[in-house]
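Chemist: Sequence:
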Amino acid sequence: MNETREPRKVAAGIYMVGGPDLTDPRDCLCYLVDGPQAKVLIDCGAGPSARAVLDLAIEAAGAPPTHLLLTHAHIDHAGGAAEIKRSTGCQVLIHAEDAQVLATGDLKRSAADWYGLALEPLEADQVLEGDGAIALSEQEDLAIIPTPGHTPGSVAAWCMAGGLKVLFGQDVHGPFAPAFGSDLGQWRASMQRLLELEADVLAEGHFGVFRPADEVSVFIQEQLANHQG
Numbered sequence: 005m006n007e008t009r010e011p012r013k014v015a016a017g018i019y020m021v022g023g024p025d026l027t028d029p030r031d032c033l034c035y036l037v038d039g040p041q042a043k044v045l046i047d048c049g050a051g052p053s054a055r056a057v058l059d060l061a062i063e064a065a066g067a068p069p070t071h072l073l074l075t076h077a078h079i080d081h082a083g084g085a086a087e088i089k090r091s092t093g094c095q096v097l098i099h100a101e102d103a104q105v106l107a108t109g110d111l112k113r114s115a116a117d118w119y120g121l122a123l124e125p126l127e128a129d130q131v132l133e134g135d136g137a138i139a140l141s142e143q144e145d146l147a148i149i150p151t152p153g154h155t156p157g158s159v160a161a162w163c164m165a166g167g168l169k170v171l172f173g174q175d176v177h178g179p180f181a182p183a184f185g186s187d188l189g190q191w192r193a194s195m196q197r198l199l200e201l202e203a204d205v206l207a208e209g210h211f212g213v214f215r216p217a218d219e220v221s222v223f224i225q226e227q228l229a230n231h232q233g
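In terms of this note's numbering, the sequence shown opens at residue 5 and continues consecutively.
Rather than coming from a laboratory, the hints here were simulated on the basis of the structure.
Being a predicted model, the structure only gives us computed values, none of them experimental.
Be aware that one or more of the hints could be misleading.
Label pairs and their computed distance ranges (CB to CB) [said to hold, decoys possible]:
id: 1; residue 1: Phe180; residue 2: Pro40; range: 34 to 40 Å
id: 2; residue 1: Pro182; residue 2: Ser141; range: 39 to 45 Å
id: 3; residue 1: Pro29; residue 2: Phe180; range: 20 to 26 Å
id: 4; residue 1: Leu188; residue 2: Ser141; range: 36 to 42 Å
id: 5; residue 1: Asp59; residue 2: Phe180; range: 16 to 22 Å
id: 6; residue 1: Glu200; residue 2: Asp25; range: 30 to 36 Å
id: 7; residue 1: Ala67; residue 2: Arg9; range: 39 to 45 Å
id: 8; residue 1: Gln143; residue 2: Glu202; range: 18 to 24 Å
id: 9; residue 1: Ala16; residue 2: His231; range: 19 to 25 Å
id: 10; residue 1: Ala16; residue 2: Gln232; range: 33 to 39 Å
id: 11; residue 1: Glu202; residue 2: Pro125; range: 34 to 40 Å
id: 12; residue 1: Glu200; residue 2: Gln104; range: 35 to 41 Å
id: 13; residue 1: Gly66; residue 2: Leu188; range: 40 to 46 Å
By construction, the Cβ of each residue, glycine as well, lies at the ideal position given by its N, Cα and C atoms.
Go ahead and model the full structure; you've got the sequences and the hints to work with.
Modeler: If you want it as structure tokens, here you go:
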């Protein structure tokens, strides 16, 4: 890792702390939400770069993450979870429909076989079923919403930051495969739910950060158009 690389500010208290040109080419884009009561790492890369992601998260927040929210169990998003849990003792959250993939290190459902890596098994601290939330302060939450489709247990999250609604929609674009348990019908319904949020900023998991609100909407609509029928 290039020592000059540093967290990239997305919005007030929100940073990009991992990704292909920050930590490892196999990593998704990882984000850190720095609140007074919780410091939430959203996804943690493929595993080999777990320490680098954690170092950038600590640099951004001034302290280790208190929570790790896994948007789903694919290895490019969850591969570093066990190491980060060992290093920080943070609370690990994942949706019930992907929790077993993480707990067993399922090579196919986690897409680890695509990357030639192994997913270290981990039992999550909190298994989500419906909507959820992590309290960032006495006034503000990081809201968590199920967005099945890419995987059965995919989730998105959003919070307010400096007056902007920031949406973490990690794999809005897919891809979709039977091995993942993908469901295009569920995914389309999930994307409609994200559109209804009318977010000002979209922090996506591979395509980067979109703003303002009309650009967020255009990107999601383009993905829906790409996967018709």
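Chemist: Against the structure, test the hints numbered earlier, and report the numbers of the ones violated in rising order.
Modeler: Numbers 5, 7, 9 and 12 - these are the hints that the structure violates, sorted from lowest upward.
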